[in-house]
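> The residues making up each chain are set out below.
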Amino acid sequence: MPERNLVQAVRDALYEEMERDDRVCILGEDVGRKGGVFKATEGLQQRFGEQRVLDTPLAESSIAAVAQGLALEGFLPVAEMQFADYSFPAFNQIVNEIAKVRYRSNGDFGCPLVIRAPTGGGVRGALYHSQSPEAFYCHVPGLKVVLPSTPADAKGLLKAAIRDPDPVIFLEPKKLYRAERQEVGDGDAAVLPIGVATVVRPGTDLTAVTYGFMRAVTIQAASRLSADGIEVEIIDLRSLRPWDVESCVRSIEKTGRVAVVYEANRTGGFGAEIAAELAERCFASLDAPVSRIASPDVPAMPFSPSLEHAFMLNPDKVADGLRRVARY
Amino acid sequence: MPTDDRTLTREQVLDAYRTVLRARTLDDRRFVLNRAGKLAFIISPRGHEVAQVAAITALQPGRDRFCLYYRNFAAALACGFTPEELMLSAFARAADPSSGGRQTPGNFGSRRRGVIIGSSTVGPQIPKAAGIGLALKWKGEGALCYVSFGEGATSQGDFHEGLNFAAIHRCPVIFFCENNRWAISVPQPLQVAGPGVAERAAGYGIPGVRVHGDDFFAVHLAVRQAAERARIGDGPTLIEAEVLRLQSHSTDDDQRAYRDAAELAAEAARDPIPRMRDMLIQRGWLTAEDDAGLRAEVDREVERATEAAEAAADPEPGSLGRHVYADA
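Residue numbers (our numbering), protein chains in the order written: chain A, 1 to 328; chain B, 1 to 328.
If you're looking for bench data, these hints aren't it; they were derived computationally from the structure.
Computed from a predicted model, the values in this text were never measured in an experiment.
Cβ coordinates follow ideal geometry from the N, Cα and C atoms, glycine included.
Hints may contain errors.
Claimed, not checked - Derived list of chain B stretches under chain A, where covered just means 3 residues or more per stretch with a C-beta under 8 Å from a C-beta of chain A:
id : segment
1  : 114-124
2  : 133-143
3  : 164-172
4  : 182-189
What the hints assert, rightly or not - Examples of chain A residues toward chain B, derived with CB under 10 Å:
id : residue
5  : Gln46
6  : Pro57
7  : Gly69
8  : Ala71
9  : Glu73
10 : Gly74
11 : Asp85
12 : Pro89
13 : Val101
14 : Pro165
Using the sequences and the hints, build the whole thing.
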């Protein structure tokens with residue numbers, strides 16, 4: 001199997017699904033000629049033509065709306081929002097229109113489409129190229145939300161998202177686009193089910209539930225705790241709506257302790273929902289309060305390296321948080 | 001704008017007149033039912049009926065797509081909804097074909113009729129129609145997408161994004177603005193600078209046409225010409241039909257509170273339905289006796305529709321969670 005980084009895996013998934021099904025098409029800003037600002041669609045317009053890989057005007061609401069129109073007519077559009085921060089001009093189309101098509105038509109219409117967007121920080125992107133807005137979309141019944149953290153997961157879940165009959169918000173941690181390479185399968189065998197978590201690291205003393213870039217950070221933090229004899233079990237959710245509650249519950253029944261590690265700011269983040277659900281489900285198994293390890297409640301991530309560093313979770317901060325839960 | 005009656009038979013025009021009468025009679029009945037506490041919320045097409053039906057009569061329900069807005073009650077009838085179906089929607093019954101009683105009446109949808117399910121925010125259907133138009137262009141079957149909205153919606157960013165996209169890609173779309181000069185209580189001069197909406201077409205490099213909405217043949221001709229352009233690949237047209245809002249914005253509004261009484265009286269005297277009737281009588285297509293007979297027939301139809309809808313079942317409370325996703 002070929003080795004791929006995450007952005008190459010995204011591109012491969014798009015390529016394979018476009019080869020497999022000629023209803024699949026791509027639209028967004030700079031996705032055609034340039035192949036995407038992160039090169040996620042590189043070479044696709046040359047291969048599939050200007051219709052199936054469409055450079056749109058710089059207008060996110062119409063990107064979402066046009067994708068919806070295409071989906072209503074039987075196409076399978078994959079729309080790119082250049083940054084997750086830029087999906088907000090399309091918020092009404094996504095939340096009021098796309099997410100509610102099936103429900104408000106009592107099942108007469110469906111809206112199978114994917115909206116891809118690079119998410120998260122740590123790349124000197126500052127306030128408007130670093131946000132982690134997954135909680136906004138996870139709040140919306142009718143949407144599915146996926147946030148992978150490895151090349152194989154990105155490919156397998158993007159293929160599943162394109163084949164899904166419902167709208168999927170597909171968030172790609174841009175910090176990981178070129179971080180790691182791994183062997184990635186292809187074809188139908190590479191498809192992964194939406195809504196299934198993976199245990200990244202087995203452990204006995206404490207469960208860390210995480211996703212996205214925080215997976216790698218939590219792995220590093222866990223090795224520090226391991227040196228102190230504390231073994232952390234790490235669960236990477238991969239999908240946030242639906243999310244795999246049962247895998248988390250099983251782990252907590254074993255460890256009796258849980259922390260949720262997420263990159264977004266703390267208040268109202270999706271980690272808060274995870275924490276609330278696990279507190280309800282696991283109360284009898286818990287030896288410590290369910291804990292959140294998240295970014296500070298400032299409007300967004302600043303540009304200056306010192307401030308960016310102060311905002312971002314890192315292995316030290318996560319290790320501190322995990323130790324507090326372990327020692328409670 | 002010359003009148004045009006060459007492409008319509010007497011039967012077609014009389015059928016359109018019957019649809020106009022149905023809309024008015026049904027709407028009057030809905031208001032009575034609302035005042036009696038039986039219907040929660042109604043948006044009236046009063047004053048718009050002739051323009052709406054004239055427009056749809058120039059198109060091909062079953063082949064074309066229709067993105068209607070909340071005041072398009074008469075247009076929905078012209079697209080094939082029956083009086084009973086629209087009454088089911090007014091009573092929010094389970095058998096409401098648009099949404100099974102989920103949406104307020106005025107959000108029309110029917111896949112088999114090509115009526116794309118509507119929603120209640122203002123303007124999102126405009127760029128969506130551009131996307132549907134793009135899909136129809138790709139399919140190359142000569143179908144088009146008709147999208148309608150009030151002049152208030154032209155202040156939304158989605159109006160610009162939709163026209164811009166459709167113009168760039170020469171999508172087969174007819175943008176039909178029903179300008180009644182009032183967006184609830186805000187008059188046209190506070191909504192649009194300059195003479196009106198039609199002039200804005202120039203900025204997109206597409207034809208913009210203004211018609212008197214009470215002139216059945218003028219509206220029909222404008223839409224027919226726009227449809228001809230759309231079907232041969234000449235792209236979209238913006239049509240502004242000047243209409244009267246002879247009823248308050250909705251049953252929760254009373255326009256006497258913010259509109260001049262003399263102006264309201266003058267507009268009531270310009271009701272387009274008597275004008276259409278007089279035109280038909282003048283042509284010798286209708287007699288006063290025919291008209292009385294037709295009205296009596298429509299009254300009976302509305303009576304039956306009301307009785308059937310009032311007796312129909314409400315949605316099962318257990319159906320609340322259905323159709324959130326394809327598998328539920």
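> For each hint, tell me whether it holds in the structure or not.
Verification of the supplied hints:
Figure legend: the segment 114-124 of chain B, annotated as covered by chain A; annotation consistent (5 residues with Cβ-Cβ distances under 8 Å, at least 3 required). Proximity of the segment 133-143 of chain B to chain A, defined as three or more residues with a beta carbon under 8 Å from a beta carbon of that chain, is established by the 6 residues found. Evaluation of the coverage hint for the segment 164-172 of chain B: fulfilled, as 3 residues show C-beta separations to chain A shorter than 8 Å, against a requirement of three. Taking a C-beta to C-beta cut-off of 8 Å, the segment 182-189 of chain B contributes 0 residues in contact with chain A, too few for the three needed, and the coverage statement is violated.
Residue-level restraint check for A:Gln46 is violated (minimum Cβ-Cβ distance to chain B is 19 Å; threshold 10 Å). Against a cut-off of 10 Å between C-beta atoms, the interface hint on A:Pro57 holds, since the closest Cβ of chain B lies about 6 Å away. With a cut of 10 Å, the hint placing A:Gly69 at the interface with chain B holds, because the nearest CB-to-CB distance is about 2 Å. For the restraint placing A:Ala71 at the interface with chain B, the shortest Cβ-Cβ distance is roughly 8 Å, inside the 10 Å limit, so the hint holds.
With its C-beta approaching chain B no nearer than about 3 Å, A:Glu73 sits inside the 10 Å limit, and its interface hint holds. For A:Gly74, the interface hint holds, the least distance from its beta-carbon to any beta-carbon of chain B being 7 Å, beneath 10 Å. Annotation: interface hint on A:Asp85 violated; nearest CB of chain B at approximately 18 Å, more than 10 Å. Interface hint status for A:Pro89: upheld, as the beta-carbon distance to the closest one in chain B is roughly 8 Å, under 10 Å.
This hint holds: A:Val101 has a C-beta 6 Å from the nearest C-beta of chain B, less than the 10 Å allowed. With its C-beta approaching chain B no nearer than about 4 Å, A:Pro165 sits inside the 10 Å limit, and its interface hint holds.
Hints 4, 5, 11 from the list above are not met by this structure, while the remaining hints are.
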